[in-house]
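Going down the list, the protein sequences come from chains R and C. Here the first sequence is numbered in numbering that gives the first Met the number 0, starting from 0 and rising by one per residue. Here the second sequence is numbered in numbering that gives the first Met the number 0, starting from 0 and rising by one per residue.
These are calculated hints, taken from the structure and not from any lab test. Because the structure is a prediction, the values reported are computed rather than measured. Treat the hints with care, as some may be off.
Calculated cross-link-like contacts (lysine-lysine; reagent style DSS-like; alpha-carbon spacing at most 27 Å) [unchecked claim]:
1. Lys312/C with Lys53/C
2. Lys61/R with Lys241/R
3. Lys312/R with Lys53/R
4. Lys465/R with Lys465/C
5. Lys312/R with Lys465/C
6. Lys152/R with Lys465/R
7. Lys312/C with Lys61/C
8. Lys465/C with Lys241/C
9. Lys465/R with Lys61/C
Covered stretches of chain C (in silico footprint by chain R; criterion: 3 or more residues with CB under 8 Å from a CB of chain R, positions within the stretch not fixed) [to be verified]:
10. 58–70
11. 91–103
12. 234–243
13. 378–391
Chain C stretches covered by chain R per the calculated footprint, using a threshold of three residues with CB under 8 Å from any CB of chain R [what the hints assert, rightly or not]:
14. 28–37
15. 114–127
16. 294–305
17. 310–321
18. 402–409
19. 454–468
The beta carbon of each residue, even a glycine, is placed where N, CA and C say it ideally should be.
Protein chains: 2
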Amino acid sequence: MTEQTDPPRRRGRAERKAAAPARIVNYRHLRHPFAPQSVLSADAVAAIHEMALKLLEDLGLKVLLPEARQIYAAGGARVDEATEMVRIGRDIVAGALTSAPASIRLNAANPDRALSYEDGALIFSPGSGCPNATDRIRGRRPGSLETYEEVLKLHQSFDVIHKVGPSAEPQDIPAHLRHYAMMRGQLTLTDKPLFIYARGRGQVEDSFALIRLAMGLSEEEFRNQVWSTTVINTNSPRQIDKPMAQGIIDFARHGQMSIITPFCLAGAMAPVTVEGALVLQHAECLAGITLAQLARPGAPVSYGGFSSNVDMKSGAPAFGTPTHIRMAIATGQLARHVGLPWRSAAGSASNAADMQGAGENHMGLWANLMANATLVVHSAGWLEGGLTFGYEKFINDVEALQIIAEICQPLGSTPDDLAWEALADVAPGGHFFATPHTMERFDRAFYAPLVADLTNHGTWAAAGAKAADERATAIWQRVLAEYVPPPSSQERADRMARFIADRTAEGGAPPLD
Amino acid sequence: MTEQTDPPRRRGRAERKAAAPARIVNYRHLRHPFAPQSVLSADAVAAIHEMALKLLEDLGLKVLLPEARQIYAAGGARVDEATEMVRIGRDIVAGALTSAPASIRLNAANPDRALSYEDGALIFSPGSGCPNATDRIRGRRPGSLETYEEVLKLHQSFDVIHKVGPSAEPQDIPAHLRHYAMMRGQLTLTDKPLFIYARGRGQVEDSFALIRLAMGLSEEEFRNQVWSTTVINTNSPRQIDKPMAQGIIDFARHGQMSIITPFCLAGAMAPVTVEGALVLQHAECLAGITLAQLARPGAPVSYGGFSSNVDMKSGAPAFGTPTHIRMAIATGQLARHVGLPWRSAAGSASNAADMQGAGENHMGLWANLMANATLVVHSAGWLEGGLTFGYEKFINDVEALQIIAEICQPLGSTPDDLAWEALADVAPGGHFFATPHTMERFDRAFYAPLVADLTNHGTWAAAGAKAADERATAIWQRVLAEYVPPPSSQERADRMARFIADRTAEGGAPPLD
């Protein structure tokens, strides 16, 4: 076996090396390259769906917000006010699944960044919800406004990040004012589809108002299209808390998209078996979708699942595990069973930007490809099961996303690609470096790595023997240094300024507990 | 979004913690969990096959070994002795594809390690062919007998490594005697299917003799079943050198398996387009298979491809790239087009056991899953495009293989898995840690990580903040310390001793140039 790969010598192209690569690939709108796979039989899918309906009908779930219970009751659900339990009949769920849209356009300041949220689409959003941030220069620290804005610039700078996320929250801004900083950041530093935390009506309505102001939208223009999304995590098992329920209602009534996402860690908040955890996840998801549809029929809402397992030795959450992979693929089967686009997630429990972190994220990403997830949340930068956003991890994960984006492009074979003349041109044992077929294509034939270092060991060692996490530091620094705000950024900032100043003076909007 | 994952508190299981996990999963015989995917249309597959046949007929290939040219000529090919060019008609290729077996049993000293080499099977072999080895204790150094034997012990210790490979060659043994050490190592330190380098008839026949002696097989018993494999790398483009041609002939005549593997790096030894590189790879593969079938109809032979691209900036080989992924999937389409099981490869160009190395290997592994490769070579431990075998990389890659092996196990849903009683048992907002359904299953429900560290950041930092590569050191050290030779190891050693001593005294067998 002689598969050792000493780089062959290259000749006669030095003068072309300086030219910028001609390769341009559009990473903005991806479609899944692989057929959806299955881990459950059709019978098992039907059995899980059936048991989830039975769970909603017989066991019900606890809904802490009175207004939500009223909406469920008005829709025909059995509500016990004393215990706050809501039991939902299968006919009500069926109605909700009929009115929930199967294709949703997610608008953005830049129309070319708008997304079709539907079966077959592949949308990446970054690691989100992290209280901390870390990088190799400044170490691990609580998320701040500086971090929040830096990370948005990173999101904006890579086309393969399709939707911004609140990666590391600005915890140096008081909670009642934080949403102003978060919306201003998203609306000025990026032009991609936006995210809002559902932390009570006050913050949500402020955030909606800021989008309307920044984008110059009337109430009606805003309400008739989707300009923002939120993630609704049920409090598994079988509970929806006040901010989450209010978020579902408010987003539905304003025509904005809720992504209903039970966070079911098998063995902890969910049964220890894949199928049992799926029954719970599916039931909670259907309950959330039903609330949205009862609040406003036709409201944009996404099915969702983010399920993995805990480590049974420590109780710690694990990602990229066999259970995570299977849950993701099975969740895709259930989402297709009810005919809705859906959100999944990658993720990493690793404490470092190392082989574990890369491996966990790759397993999650590929599970999502197998599952044909519409939206892959936490696709870049997550560390510690979401407790920390890692800058170097982000850069390395973006490399994986870009490679996946490349294989989403159709290969589009033409007779010329078969290269008969080149094959006839090169003598046995020769090389193709200098054939016209190669020379015409070499600068656009292949993906150019972002952080992968393909130099040989000697060159790499002479350059400091830098591992991938070390090399990533210079990359995010360069990206931040070269960052340019999107068009109309300043105009959007100006249009929001007065509102933010006034609302701040009025005391902002404290989060709902 | 509240997807932060502080580990929930665990209660009441301390006394069970000490018990060994009850989870037992058989990783020895895997079947692909996913349907094979496509990157080429059926028309493109047919066009590539057609052009490969045209290449063999019209352009031909250079075959350096006179005996091989004679076999081709006797089979009806047009041979030009002056130029050493062989042109093979499509009827001859068609005959070879008819006589090549579609299912091959790879025997091993331990019958439970025997493998079915056929479509649908998933076989992992380790990173192979490396001149160097590296680990965090001893650094990077040329492969030696010590390294070679250590690495075989690592291969033997993980069931998910199905076939041994010559990971790091014992370069401190002179070339004319090295094959004795390599066969003795494999036959005494492992009981898995074996590998032989095709470096000329002398070494190959010595190696066959050693297998017969060690296993107690007659000439006929040996010849009628497969006890060893070799990898035949053509000298792309369009050339087969002497040792490779002789290897195909000798393995075929002795009933042993050749894995024909053009190593076509697009843009270097092959055209710069995926389709063009595939025409060349397919043609060379068919030429090798044809030689084996002409040497002995029905000879066990594997289709193979290991194709990626070079970095067009440096000429260095790249792995885990979009081109690598597409070539692997397309090669699977071509292998199924001709109806043969086939070999592919993962691999890594990284210089370190870092995120790049993990990412490249994961991309290659998942490409091979999408491609339904029968044999995935270089699946663990490759660094620097195969110039170095990394101990810590191996351990981390084995984690990925074990996770894949887990998802190869059928989920096998039962009504009990739906966990109705547990769902009814746990109050809204409660947890499933202590339900009987969990307690009965917790110690076998989930894959237990090999090297992944799931502790929280504080615990991890207090334990030295060790990254995955650092943690892997203690793991390979423990595995080597706990290594136990397979049954009958000493008997096999004893049966080989006299032959090796005699042949060594006779001067061994120098490799064929």
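Evaluated hints:
1. As the CA atoms of Lys312/C and Lys53/C are separated by approximately 33 Å, the hinted pair breaks the 27 Å bound.
2. Restraint check for Lys61/R and Lys241/R: the C-alpha separation of about 11 Å stays at or below 27 Å, so the hint holds.
3. A C-alpha spacing of about 33 Å is found between Lys312/R and Lys53/R, which places the hinted pair above 27 Å, so the restraint is violated.
4. A threshold of 27 Å between alpha carbons decides the hint, and for Lys465/R with Lys465/C the separation of about 17 Å falls inside it, so the pair holds.
5. Taking the CA atoms of Lys312/R and Lys465/C, the gap is near 19 Å; set against the 27 Å cutoff, the hint holds.
6. Between Lys152/R and Lys465/R the alpha-carbon distance is near 25 Å, which keeps this suggested pair within the 27 Å criterion.
7. Taking the CA atoms of Lys312/C and Lys61/C, the gap is about 30 Å. The hint is violated against a cut of 27 Å.
8. The straight-line distance between the Cα atoms of Lys465/C and Lys241/C is roughly 48 Å, outside the 27 Å bound, and the hint therefore fails.
9. A distance of roughly 43 Å separates the Cα atoms of Lys465/R and Lys61/C; the hinted pair therefore is violated under the 27 Å criterion.
10. Restraint check on the stretch 58–70 of chain C versus chain R: 3 residues with Cβ-Cβ distances below 8 Å, three needed, restraint holds.
11. Under a criterion of three residues with beta carbons nearer than 8 Å to beta carbons of chain R, the stated coverage of the stretch 91–103 of chain C fails, only 0 such residues being counted.
12. Check on the stretch 234–243 of chain C: 4 of its residues sit with their Cβ under 8 Å from a Cβ of chain R, so the three-residue criterion for coverage holds.
13. Using a Cβ-Cβ cut-off of 8 Å, 5 residues of the stretch 378–391 of chain C lie near chain R, which meets the minimum of three, so the contact claim holds.
14. Here the stretch 28–37 of chain C counts 4 residues with a CB under 8 Å from a CB of chain R, which clears the bar of 3, and the coverage holds.
15. Coverage of the stretch 114–127 of chain C by chain R is violated in this model, with 1 residues showing a Cβ closer than 8 Å to a Cβ of that chain against a need of three.
16. Coverage of the stretch 294–305 of chain C by chain R is violated in this model, with 1 residues showing a Cβ closer than 8 Å to a Cβ of that chain against a need of three.
17. Counting residues of the stretch 310–321 of chain C whose CB lies closer than 8 Å to any CB of chain R gives 11, so the stated coverage by that chain holds, three being the minimum.
18. Residues of the stretch 402–409 of chain C lying with their CB closer than 8 Å to a CB of chain R number 3, which satisfies the three-residue condition for coverage.
19. Residues of the stretch 454–468 of chain C lying with their CB closer than 8 Å to a CB of chain R number 9, which satisfies the three-residue condition for coverage.
In terms of the numbered hints stated before, the structure departs from hints 1, 3, 7, 8, 9, 11, 15, 16, listed from lowest to highest.
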